[in-house]
Amino acid sequence: MMTSAIMARRLGSTAGRRHAPIKGILLALIATVDGFSYVNTVARERQRKLNSNIRQSTRLYSQHATITDSIRTAFEEDQTDGILKLSDLHLETDVDTLVEATLDAIDDNRGHVASILNGFIGSCMFMEDEATAASKACELLETFEQLEEEKEIRPDTVTYSLAYNVINRDPASVDLANVALQRAQRMSKKVAGTKRRKALAASRRKKVSESCKSVESDLKELLGGDFEVLHESVDAFVINKPSGISCFHKKKTTAGKVKKGKASHKSSDVSLEDALSLCGVPLSTLNPDALGLVHRLDRGTSGCMVLAKTDQAHASLVSEFFLRKCEKQYTTIVAPAPLFSTPDSGSIDMPVNGRPAKSEYHIVKRYDSTAALVNFKTHTGRKHQVRVHAATSDLASPVLNDHLYSREDRIPDLPDDVIESDNAKARFFLHASSLSIPRYEINCQASLPSWWKPLLQSIQNTSSED
Numbered sequence: 001m002m003t004s005a006i007m008a009r010r011l012g013s014t015a016g017r018r019h020a021p022i023k024g025i026l027l028a029l030i031a032t033v034d035g036f037s038y039v040n041t042v043a044r045e046r047q048r049k050l051n052s053n054i055r056q057s058t059r060l061y062s063q064h065a066t067i068t069d070s071i072r073t074a075f076e077e078d079q080t081d082g083i084l085k086l087s088d089l090h091l092e093t094d095v096d097t098l099v100e101a102t103l104d105a106i107d108d109n110r111g112h113v114a115s116i117l118n119g120f121i122g123s124c125m126f127m128e129d130e131a132t133a134a135s136k137a138c139e140l141l142e143t144f145e146q147l148e149e150e151k152e153i154r155p156d157t158v159t160y161s162l163a164y165n166v167i168n169r170d171p172a173s174v175d176l177a178n179v180a181l182q183r184a185q186r187m188s189k190k191v192a193g194t195k196r197r198k199a200l201a202a203s204r205r206k207k208v209s210e211s212c213k214s215v216e217s218d219l220k221e222l223l224g225g226d227f228e229v230l231h232e233s234v235d236a237f238v239i240n241k242p243s244g245i246s247c248f249h250k251k252k253t254t255a256g257k258v259k260k261g262k263a264s265h266k267s268s269d270v271s272l273e274d275a276l277s278l279c280g281v282p283l284s285t286l287n288p289d290a291l292g293l294v295h296r297l298d299r300g301t302s303g304c305m306v307l308a309k310t311d312q313a314h315a316s317l318v319s320e321f322f323l324r325k326c327e328k329q330y331t332t333i334v335a336p337a338p339l340f341s342t343p344d345s346g347s348i349d350m351p352v353n354g355r356p357a358k359s360e361y362h363i364v365k366r367y368d369s370t371a372a373l374v375n376f377k378t379h380t381g382r383k384h385q386v387r388v389h390a391a392t393s394d395l396a397s398p399v400l401n402d403h404l405y406s407r408e409d410r411i412p413d414l415p416d417d418v419i420e421s422d423n424a425k426a427r428f429f430l431h432a433s434s435l436s437i438p439r440y441e442i443n444c445q446a447s448l449p450s451w452w453k454p455l456l457q458s459i460q461n462t463s464s465e466d
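Oh and the sequence shown: position 93 is 93 in full-length UniProt numbering, straight run, nothing missing.
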């Protein structure tokens, strides 16, 4: 087949000159054919690129949809614990894709988006390469802070604590880790406002104690004889918090002030934060609600609590709790006792306030049908988790004297020396009996409250008589 180029050369020969008019027409036709061929080639190339882009976009869309579905499902089923389980997916995906997928997965719930992003930052702790982990945590934190400006999705103490711990693992990124910690300090100061400034100013006017143990006797006078220092290191300590003592007061009132010479007066309502500050115990500042508090126990709950002296320790401890590297066990007296058909040991997987919550229980001793001594081990840290699980699971046995989750007509009569105590209404029979945090070599057990003894003796005698 003769090509247009060959035809053009032949038409340019001497023979071709005798047919000049025809030659011109043929050359024009050849040029047109070449033009059409070029146009077709360009069109085919454009179509090829378009098809390639479509295929790539389809793949990216499919990948985005898969990541979005994975995030949505994991969070709906297990909240941040579910996000932590997606660590492999997170480590293989760039930050922009993760954030876009998160925003698509969670509709108009800024708190949930923040929780998921905290989970992604926490997942960086699972990366073996410390430098890569630090880099990704920095990028996630930077993106998170941009969302604060664009969508009012704000980093919190947990965010900065997780970022600090991930970044601080890399020796070359220590300065960046300190920047994250400084941002946490600024945020806490801003959120706490006037209350924090007054507390810090007051603490600066007091003589700082070297340790909590050194002022234990003073703290017993303020908080009650059951108070005890169970463990102390340079940057943290564990106490046995008495029942009826609030961890902190949201607002400073005259009831919560410790007046000179009246610390033990029965009308005073001294919080744990008040007492520790008064005695000059050094406390971290990262928690905007209260100095030193890494976690909290309800006013009516007694037992093990860890507090931080430094902001670095506070951030580390917050991360340990978030990553479920702390083990907590509780002892409680429930009434009435679980049915005799209820297994002595079992697990409870039941949401608390709409959030997944898991516990294990073991019935230590039954006092006929009147009451039972039960141990709980929590795998999640939901507010009121043990109280809800005891009252509303198959156990159907509320914590004794818990007026929030018990029917008033089903709360048994208590011994006079329990009823007549100053804060009987503020106390119930739930005790954080042990706390283990391997990273800090913490493995503490707290003795049962002294005010439990009359009741235990009473129900023991009653069950023996029956």
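Just so you know, the hints here were simulated from the structure itself, not pulled from any lab data.
We treat Cβ as the ideally placed atom computed from N, Cα and C, and that holds for glycine.
Careful: at least some of the hints might be erroneous.
[Stated by the list, open to error] So the derived label-pair ranges between C-beta atoms look like this:
1) Y405 - E360: 40 to 50 Å
2) T143 - A65: 15 to 25 Å
3) T66 - E148: 23 to 33 Å
4) K85 - H403: 31 to 41 Å
5) D104 - G381: 20 to 30 Å
6) A65 - D394: 14 to 24 Å
7) D88 - V174: 25 to 35 Å
8) V174 - N109: 11 to 21 Å
9) K377 - V234: 28 to 38 Å
10) Q445 - D107: 40 to 50 Å
11) Q457 - E145: 54 to 64 Å
[Unchecked claim] Below are the DSBU-like pairs computed for lysine-lysine, each with C-alpha atoms no more than 35 Å apart in a straight line:
12) K151 - K377
13) K377 - K365
14) K190 - K213
Against the structure, the hints come out as follows:
Hint check: Y405 to E360, Cβ distance near 19 Å, so the stated range 40 to 50 Å is violated. For the pair T143 and A65, the beta carbons lie near 21 Å from each other, so the given range of 15 to 25 Å is met. Take T66 and E148: their Cβ atoms lie about 28 Å apart, and the range 23 to 33 Å holds. For the hinted restraint 31 to 41 Å between K85 and H403, the CB-CB distance of approximately 38 Å keeps it satisfied.
Restraint check, D104 to G381: a C-beta distance of roughly 28 Å satisfies the suggested window 20 to 30 Å. The hinted range of 14 to 24 Å is not satisfied by A65 and D394, whose Cβ atoms lie roughly 39 Å apart. Take D88 and V174: their Cβ atoms lie about 28 Å apart, and the range 25 to 35 Å holds. Take V174 and N109: their Cβ atoms lie about 35 Å apart, and the range 11 to 21 Å is violated.
With their beta carbons about 29 Å apart, K377 and V234 fall inside the hinted range of 28 to 38 Å. A hinted range of 40 to 50 Å for the beta carbons of Q445 and D107 is consistent with their spacing of about 45 Å. One distance hint, 54 to 64 Å for the beta-carbon pair Q457 and E145, holds here, with the actual separation near 57 Å. Between K151 and K377 the alpha-carbon distance is near 38 Å, which puts this suggested pair outside the 35 Å criterion.
Proximity of K377 to K365 is assessed by CA-CA distance (about 16 Å); at most 35 Å being required, the pair is judged to hold. Taking the CA atoms of K190 and K213, the gap is about 32 Å. The hint holds against a cut of 35 Å.
The structure does not agree with the numbered hints 1, 6, 8, 12 stated previously, though it agrees with the rest.
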